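Asks: For the record, the sequence lines run as chains A and B. Anchor point for the first sequence: position 27 equals 27 in my numbering, and the numbering is continuous, going up by one each time. Anchor point for the second sequence: position 78 equals 78 in my numbering, and the numbering is continuous, going up by one each time.
Heads up, some of the hints might be wrong.
[As the list claims (entries may be wrong)] Some, not all, of what chain B presents toward chain A, calculated at C-beta under 8 Å: (1) Q42; (2) L46; (3) L68; (4) S89; (5) G108.
Calculated from the structure, these hints are not laboratory results. Note that the coordinates shown come from a computational prediction; the quantities given were computed from them, not determined experimentally. From the three backbone atoms N, C-alpha and C, an ideal C-beta is built for every residue, glycine too.
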Amino acid sequence: GDSVTQMEGPVTLSEEAFLTINCTYTATGYPSLFWYVQYPGEGLQLLLKATKADDKGSNKGFEATYRKETTSFHLEKGSVQVSDSAVYFCARGGQNQGGKLIFGQGTELSVKP
Amino acid sequence: GAVVSQHPSWVICKSGTSVKIECRSLDFQATTMFWYRQFPKQSLMLMATSNEGSKATYEQGVEKDKFLINHASLTLSTLTVTSAHPEDSSFYICSAIDVDNTGELFFGEGSRLTVL
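With the sequences and hints as input, model every part of the structure.
Replies: In structure tokens:
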């Protein structure tokens, strides 16, 4: 069935390091793709999204490009901060999903000063 | 932005009792809400789609008699874990669509259930 696979964590980086969190998906058709972030003790928040191939979602310095040919939606940030420490979830929706999302397993990021 | 609130944020109960978790959309009306379950270090698993004024739609493998969902108003959905057992201990998260405005999906902060 349709699924989302993320790189396993935890990922530990020093402040100002470059971040990549890989995400690949399987799906029929062309689903919308999302990255959500969950800060400690809080609910999930939408970080960015892309709704069609080659779209680039961006927010707070994070970027992800919808790559149809590789079925990927990798999350990147050029210079991470301690405040970026959180769990990041890749997710896909789809046509007629009506808000139903399929999530990856989440990747915990820890940024050290 | 729109806010979705869950209550309680954490609950401990004895085995065999029932526990109700509320999910409220605070500043928008939500005809559809979703309930997820999250195990430690694992992904969110969609349990059911809650539809205002009608029966919930459960995902395959989710016991509807075990996890009762009621969506009696446009701002409130409840999940009741009936006859809870330790294996029901988990983090339960709801989400709601702000259909009338952005169409964006907003998540509650989650409710941690521990069954002793």
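Asks: If a hint holds in the structure, say so; if it doesn't, say that too.
Replies: Comparing the hints with the structure gives:
no., hint, result
1, Q42, "6 Å, holds"
2, L46, "6 Å, holds"
3, L68, "20 Å, violated"
4, S89, "18 Å, violated"
5, G108, "5 Å, holds"
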